[in-house]
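Enquirer: Sequence:
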Amino acid sequence: MQTIFIFLFAKYVKYIDPLDDSRRVYSGTDYPLFQDVHLMIFVGFGFLMAFLKRYGFSAVSVNLLLSAFVIQFAMLLRGFLTVAFEETGLFSIGIPEMISAESSCAAVLITMGVLLGRLTPVQFLLLAFFETLLNVVVEHFVFNYLHVNDSGRSLSVHTFGAYFGLAAALVGHKKNVMEMDEHGGIHHSDLFSMIGTLLLWVFFPSFNAAIQEPEDARHRAIMNTYLAMASSTVTTFMISSCVDTLGRFNMIHIQSSTLAGGVAIGSAANAVLYPYHAVIVGVVSAILSVIGHAWISPRLERTFHLFDTCGVHNLHGMPGILAGLLSIGFAYFYEPESYGKTLYHIYPYWIGGELNGDRNNVSQAQFQAIGLLVILTSAIIGGLLTAFSAGRRHDGVILFFILFILLEIPSKTSATDVPVSLFIDPTIQNADSIFNQAKEEVLQFAPNVTLQNVVYQSPQCGNTETDTKEIFTYFQNYHSQNHRITMGPVCSANFLRFANLSAEIQALQINILKGYPYEHPTMIDMVTRSPQNLGENLVTILKEFEWAQVGAVLCEECYSDDQLASETYFDAIGRVLETNNIAVRELLKVKRGDNSQNISQSIKVFESSARVLLLFLGNSLNDYSQFLTAMRLNNYTTDEYTPVIILSKSSLELSFPWQNDPSTADLFDKTFIVSSEY
Numbered sequence: 001m002q003t004i005f006i007f008l009f010a011k012y013v014k015y016i017d018p019l020d021d022s023r024r025v026y027s028g029t030d031y032p033l034f035q036d037v038h039l040m041i042f043v044g045f046g047f048l049m050a051f052l053k054r055y056g057f058s059a060v061s062v063n064l065l066l067s068a069f070v071i072q073f074a075m076l077l078r079g080f081l082t083v084a085f086e087e088t089g090l091f092s093i094g095i096p097e098m099i100s101a102e103s104s105c106a107a108v109l110i111t112m113g114v115l116l117g118r119l120t121p122v123q124f125l126l127l128a129f130f131e132t133l134l135n136v137v138v139e140h141f142v143f144n145y146l147h148v149n150d151s152g153r154s155l156s157v158h159t160f161g162a163y164f165g166l167a168a169a170l171v172g173h174k175k176n177v178m179e180m181d182e183h184g185g186i187h188h189s190d191l192f193s194m195i196g197t198l199l200l201w202v203f204f205p206s207f208n209a210a211i212q213e214p215e216d217a218r219h220r221a222i223m224n225t226y227l228a229m230a231s232s233t234v235t236t237f238m239i240s241s242c243v244d245t246l247g248r249f250n251m252i253h254i255q256s257s258t259l260a261g262g263v264a265i266g267s268a269a270n271a272v273l274y275p276y277h278a279v280i281v282g283v284v285s286a287i288l289s290v291i292g293h294a295w296i297s298p299r300l301e302r303t304f305h306l307f308d309t310c311g312v313h314n315l316h317g318m319p320g321i322l323a324g325l326l327s328i329g330f331a332y333f334y335e336p337e338s339y340g341k342t343l344y345h346i347y348p349y350w351i352g353g354e355l356n357g358d359r360n361n362v363s364q365a366q367f368q369a370i371g372l373l374v375i376l377t378s379a380i381i382g383g384l385l386t387a388f389s390a391g392r393r394h395d396g397v398i399l400f401f402i403l404f405i406l407l408e409i410p411s412k413t414s415a416t417d418v419p420v421s422l423f424i425d426p427t428i429q430n431a432d433s434i435f436n437q438a439k440e441e442v443l444q445f446a447p448n449v450t451l452q453n454v455v456y457q458s459p460q461c462g463n464t465e466t467d468t469k470e471i472f473t474y475f476q477n478y479h480s481q482n483h484r485i486t487m488g489p490v491c492s493a494n495f496l497r498f499a500n501l502s503a504e505i506q507a508l509q510i511n512i513l514k515g516y517p518y519e520h521p522t523m524i525d526m527v528t529r530s531p532q533n534l535g536e537n538l539v540t541i542l543k544e545f546e547w548a549q550v551g552a553v554l555c556e557e558c559y560s561d562d563q564l565a566s567e568t569y570f571d572a573i574g575r576v577l578e579t580n581n582i583a584v585r586e587l588l589k590v591k592r593g594d595n596s597q598n599i600s601q602s603i604k605v606f607e608s609s610a611r612v613l614l615l616f617l618g619n620s621l622n623d624y625s626q627f628l629t630a631m632r633l634n635n636y637t638t639d640e641y642t643p644v645i646i647l648s649k650s651s652l653e654l655s656f657p658w659q660n661d662p663s664t665a666d667l668f669d670k671t672f673i674v675s676s677e678y
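Residue numbers (full-length UniProt numbering): 1 to 678.
Hints were generated in silico from the structure; no laboratory data involved. We put the CB at the ideal spot given by N, CA and C, even for glycine. Treat each hint with caution, since some may be false.
Stated by the list, open to error - Computed Cβ-Cβ distance ranges for the label pairs, DEER-style: (1) GLY340 to ASN144: 33 to 39 Å; (2) ILE6 to THR88: 18 to 24 Å; (3) ASN598 to ARG302: 53 to 59 Å; (4) GLU556 to ILE381: 51 to 57 Å; (5) LEU384 to LEU8: 47 to 53 Å; (6) LEU385 to VAL83: 15 to 21 Å; (7) GLY329 to ILE351: 16 to 22 Å; (8) ASN356 to ALA84: 17 to 23 Å.
Hey, can you work out the whole structure from these sequences and the hints?
Expert: Encoded structure:
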């Protein structure tokens, strides 16, 4: 494709004549704004998407690849739609064309944010090809035929890119790579993402004002964006704290919703005449964005399996629609006389304007609404069709002519790959059948894991020092291969040693309970040494299985040991989670003896806030039957909500509810049982 670009640029493109008064040539004022926009695209967006712990390098690199591709493609497409090309067969490019090309990059990168971690570079390029083609054509129609005012490109960039990506994600229908602790971030990746947020925040006024003319409209766009961003930032911190049960700031909100003001003010950035209007827009956009993160996105995931990796719907989608609605309102309610002569630059098709149009405030507002609908409709339909094409097996053939060199990503591990070693003690009775069943159940329980080592061997059961050393050696071998989780049916006598040794070498051993009395499908047990160690291993589970949105349920005085009261127990574990930047988003307290009907009403608080439920309800499995029954009453499946049962003693020493009542076995399907051994 790069070869084709060379041919097209050579045949049809020339530089603008800097002495030509018929064209806008403001290199002194345009280039600084272009630099700001350029930095936003290549550094701001790149760092903002670097928060995925296993996809940071790829996110920044693919961001660079797509931007470089779209810049050239968008310049050519826009040039082919100009009057100059129609008349002469040539078109000129200058700094304004460079800025417009960058805006097309932004639309594609916003779409990339929805699908981050779920497409290959080839599929991303295919998507960028079709999206840029559609985006430029739709933008040309909306601006040059509908004469819509979209000064900061909130409609043609933010709204289009967001809903194009969401439609594509709906077709893709793949597992969300974001189901990990606090949406996948670790300390340094969140820090990089925050740097991206700050870069976008600082340069957003330039993005909204870069293509404005005359200068007073550009000045208004800068000031309005500046005020909207400031008010949205303060509001984001306030609302983020309010929606958190413990009153904490959520880094996802800070990284995203603080930018919503710049998106929401964009379409009318050159039209807003009063500073307090810009401040109000920033406040409303931040509230809308945080609500989207806290409640709307989880419902979209659960109801439609619509997974939005970067929360694009909350930063670009809904604030973009708000921008469209505001552009309708400002066009309708503002008095035309308030603008003076600049009215005709903002709305060129107005009565008496430079295009000799026949519009007034009512008709302009109507066309603003039509423009919003056109962009939404074209983005959704285009996203659906493009995703279907990109998902076909022949995508490599289609893009053969597009790619000259594909970027080689050093890490070949997918964002959802979790290396797991599975082994068995051959001395166990029916070892073969247990081993084969264990393989099936590991993949059924956690389909995102990768069984890279399946080993039919294990230390034989024994209590000697030699046996213990042999266990440690096996663990070291698997851990050296970066296998952080080791699964396998082992003899219970050595199970506790595995748990103890796992903490020393930062690995985790999980036992799939098999054989009477713990015969049960897909129930996994883990034994640890202390609440501190239990918390560390919970962190391992949450990170390695990539689960997010953690909630906790406490029953006061449900543990037999007074020193293990649920609150004390939870506090000890909670400190470990907090140290690892894993937030418990919802904390629910229940009482001993609460029946399933009462609990079913209480646990609805988790619908918008949690997917992994840490249950501190007692030291017997029987204590958890009512809660699991309540989940069934609400039609909560263990595919949607993963219960983690936390006991104060090893489950191997306890009785199992299904021994006396087989019907209770299904309640415990696909649950984790985590126990501490002191």
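Enquirer: For every hint, state whether the structure bears it out.
Expert: Each hint tested on the structure:
no., hint, verdict
1, GLY340 to ASN144: 33 to 39 Å, "25 Å, violated"
2, ILE6 to THR88: 18 to 24 Å, "21 Å, holds"
3, ASN598 to ARG302: 53 to 59 Å, "23 Å, violated"
4, GLU556 to ILE381: 51 to 57 Å, "54 Å, holds"
5, LEU384 to LEU8: 47 to 53 Å, "29 Å, violated"
6, LEU385 to VAL83: 15 to 21 Å, "30 Å, violated"
7, GLY329 to ILE351: 16 to 22 Å, "20 Å, holds"
8, ASN356 to ALA84: 17 to 23 Å, "21 Å, holds"
When each numbered hint is compared with the structure, violations occur for hints 1, 3, 5, 6.
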